[in-house]
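Starting from the structure of chain B, add chains F and X where the hints point.
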Amino acid sequence: MSKKYPSFSRRFKNYLMFTLTGICTLLVVSVLFTILAYLLWHGAHALNLNFFTKLPAPVGQAGGGVVNAIIGTLKLLVFASLIGVPIGLIGGIYLSEFAGGWSGFAVRYTTDLLNGVPSVVMGIFVYTLVVLPMHHFSTFAGGVALGIMMIPIALRSTEDFLRAVPRSLREGGLALGASKSETIFTIVIPAAIYGILTGVMLDIARVAGETAPLLFTAFGNQFDSPGWLQPTSSLPVVIYNYAISPYDEWHQQAWAAGFVLLSGLLAISILARVVLARGGKVSHG
Amino acid sequence: MGNIALSTPEVPVPVRGLDRKQGWVERLRKGDEVLHLITFAGGWSIILITVLLVQHLWVYSRLSRHAFGWHFLFTSTWDPVNGLFGAWPFVYGTLVTSILALAIAIPVGLGSAIFLAELAPRSLSNGLTFLIELLAAVPSVIYGLVGIFLLIPVLTTFMPYFQKVFGWLPIFQGTFYGVSYFSASIVLAIMVVPFIVSISREVLIAVPISQREAMMALGATKWEVTWQAVVPYARQGIMGSIFLSLARALGETMAVTMVIGNVAQVSTSLMAPGYTIAAVIANEFTEATGDLYLHALIELGLVLFAVTMIINALARLLMLTMKGHEAAA
Amino acid sequence: MKTLMKPIDLDQLTKAHESRFVDVEPTEEQLPWPQFTVAGLNFYYGSHQALKNINLIVPNKRVTAFIGPSGCGKTTLLRTLNRMNETIPGTRVEGSIRLVDRDLFSIPVTTLRRVVGMVFQKPTPFPKSIFENVAYGLKLEHRFSRTEIAEKVEQSLRRAALWDEVKDKLHQSASGISGGQQQRLCIARALAVDPEVLLMDEPCSALDPISTAKIEDLLFELKNICTIIIVTHNMLQAARVADYVGFFLNGELIELNRAKQIFQNPEKQQTQDYITGRFG
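Protein chains in written order, with the working numbering: chain B, 8 to 292; chain F, 16 to 344; chain X, -15 to 264.
Quick caveat, the hints were computed from the structure, so don't treat them as lab data. Keep in mind the model is a prediction, meaning the values are calculated, not measured. Please note that a few of the clues may not be correct.
With a straight-line Cα cutoff of 25 Å, these simulated BS3-like cross-link-like pairs (lysine-lysine) come out [claimed, not checked]:
1) B/K187 / X/K112
2) X/K198 / B/K187
3) X/K198 / X/K136
4) X/K207 / X/K136
5) B/K187 / X/K123
6) B/K20 / F/K237
7) X/K244 / X/K106
8) X/K244 / X/K207
9) X/K151 / X/K136
10) X/K123 / X/K151
11) X/K45 / X/K198
12) X/K45 / X/K207
Just chain B, same shape as in the assembly (with noise of 0.2 Å):
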């Protein structure tokens, strides 16, 4: 008698193994829904023009908003940006196009350890060196913080994509007399650009939602903030805020900030899919 080959044990162990694995992707998957769907229902409910447009009223007072955080989160990211986009991409342009052996080497492990710090430890770190001189917290010293967490993922995509320009380009704009800096601004980095400017969005995305180190720099203002200079509310210590009250407007303005920092972040997001798939377009014909 011939035995079916593989046993039945065996088969059976296959189709229950890869089942399991099927559920476990299905539950990964549905936190996803699940999250965006909650944050939706109960973000949704809560929007109104008042949300957008008015400060913070006092607890027990409808009508309040948070402008000031909306505008706040801008501000800070201007800033960080202004810090985080310059040394990535001088840095990404050293790596991929001057470093040689072990200096290459320390700046790119030095930059993957900066990328490994806790957020609150760097908030730590820029109150000891902004906020303590200072006297205050201050959208200055929030910038500094996100703005040194940018560093790294522009850094790092700055590189990659440079390397990906091949090298005969870089020949052939030698070859007519270029030096190699002029081959660099000239033709390298156009070819990249498109490259580069999604590695940005995607990392202005990223420290978009950073609260820790927000906590010990900008600090949170319950009213506008002009200028550099003074702490200044923002989107994610709102929410952070308004979630651990026990008022329940508050609740509902968490949800509301929280639905309106996911929408901006999935927008951006998707945006910088959109650049990066007109760049391939536009450089490969």
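Same frame as chain B, now just chains F and X:
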């Protein structure tokens, strides 16, 4: 060399364009040294920033380090009023939540990675992976938000039934009020799973076909091929993803502090509230009265920095020594 | 991309050579003068010596072809003439090269490359428009007005026999034209800066026969404007276009002479063996 007849011009024939003198602007443009210097400075400024970071953490924790020495890590008393600072409750909480989070995330993450790499058709796999990677983009504070208002109420509803079955275990004893090590571990597991899935999937896909064919030729089932040939081959990359996830879990702040309860105690039960290093820093930093208090918190930050740095380095080492392929991260 | 070398007889080569133009012994007034004078040139990639004691003179305003089997050093020598080998780390040059009467290595390298242009094996247009590609070298000099640039772009495209085909799409991407057109674009790009010399590294090996013929036709006009050195592994091509031919083997120059001489009556046995296809 051949006998090509050539004339020798008596007057040197000027070569077009060779005699034009370079002005200072042109020499600047052509000077690669300037750009090299600027980019070198840019690259090394990162090293400068990192050195400054370590130096500041060290200097601004000296009061606490000198007062408590190594005992700091193992003492349980956290008493700001009397100036006694012991970090053990936070170290304990960090370890417990991170380990439990990984214990949940590794099987689920690896299982999903296997499904996406071995079973799912490529387009479905790519689509689902894209969605899972979106999870990694969700900010910590939003995880905390969902944790407080969705996860904790759900857990509170089901916990009595759960405790009927498992309540005899010491880790599941005690009344469950929602904020706890357990809730924090679940939130951390969710936050960490996308990394395990994404990286493990890539290394599994990269396993060469020859590995699979060797076992298939022996009549193995697909699962046996996967579990006994493919996964072991990729184990360094998978381990690397686990280390990276551990480093992330250790440093997670907002989601944890919103669901763990923020009580500086050491409890054997997972149902009790607790505290982690990152959470206590976030909560108490701006209210710290007195330099010793502040320095103690900063010392905690130094500890966290050191631990995550070591684990990240281990992770990278693992991924670099992977047989053949480029590390995914 | 090695071409299979079939045995070729000398008659076929000389016929190819003569069919294109009548080879007239130059009179005293027409004698070319030396564009490059290479003396005792040794070239090393790290510890590997790629060129051994090269001595040659490249005549002005003629087409000189470097031929020889793969790895014989002809491309290395070509790239030394515009110092492109300096972009590769670990290379070393010994000996002297003179550009007319000037030491090659004392000229600023970016100025040199404007005077000695190069066209590569694979067409590599920049990811810019056709116009911007040709204008690239001109814009680097920062001394031409917009009208001057437009005129020179047109002149270069005409010289490269590409103007009629692209004049209506000058501002479209250069990747939208065919491979043969792209290579002519690269030629126009190199010509735009008015070089004295044009170095061509197997410019037709990636192209179809029709594009190849178009580019070979170009060379007859171009040699009135600049000296041309072309590296080719296709001997029939060398027979068709070259005035002078240099044969290289294992990093050494075996023979350099007028094309007719090389194909009809080579002095060295190795040259004879190579052109009759005894080895590829």
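Hints versus structure:
For a cut-off of 25 Å, the pair hint linking B/K187 to X/K112 stands: about 19 Å separates their Cα positions. Restraint check for X/K198 and B/K187: not satisfied, since their Cα atoms lie roughly 33 Å apart, outside the 25 Å limit. Between X/K198 and X/K136, the direct Cα distance comes to roughly 21 Å. Compliance with the 25 Å bound is thereby established for this hinted pair. Taken as a hint, the X/K207 and X/K136 pair is honoured in the structure, with Cα atoms around 18 Å apart against an allowance of 25 Å.
Proximity of B/K187 to X/K123 is assessed by CA-CA distance (about 16 Å); at most 25 Å being required, the pair is judged to hold. Between B/K20 and F/K237 the alpha-carbon distance is near 10 Å, which keeps this suggested pair within the 25 Å criterion. With a C-alpha separation of about 29 Å, the suggested pairing of X/K244 with X/K106 is violated against the 25 Å cut-off. In summary, the hint linking X/K244 to X/K207 is supported, as the alpha carbons are separated by about 18 Å, within the 25 Å threshold.
The straight-line distance between the Cα atoms of X/K151 and X/K136 is roughly 13 Å, inside the 25 Å bound, and the hint therefore holds. Between X/K123 and X/K151 the CA atoms are separated by roughly 20 Å; this keeps the pair inside 25 Å, and the hint holds. A C-alpha spacing of about 20 Å is found between X/K45 and X/K198, which places the hinted pair at or below 25 Å, so the restraint holds. In summary, the hint linking X/K45 to X/K207 is supported, as the alpha carbons are separated by about 5 Å, within the 25 Å threshold.
The structure fails hints 2 and 7 (numbered hints given earlier, in ascending order).
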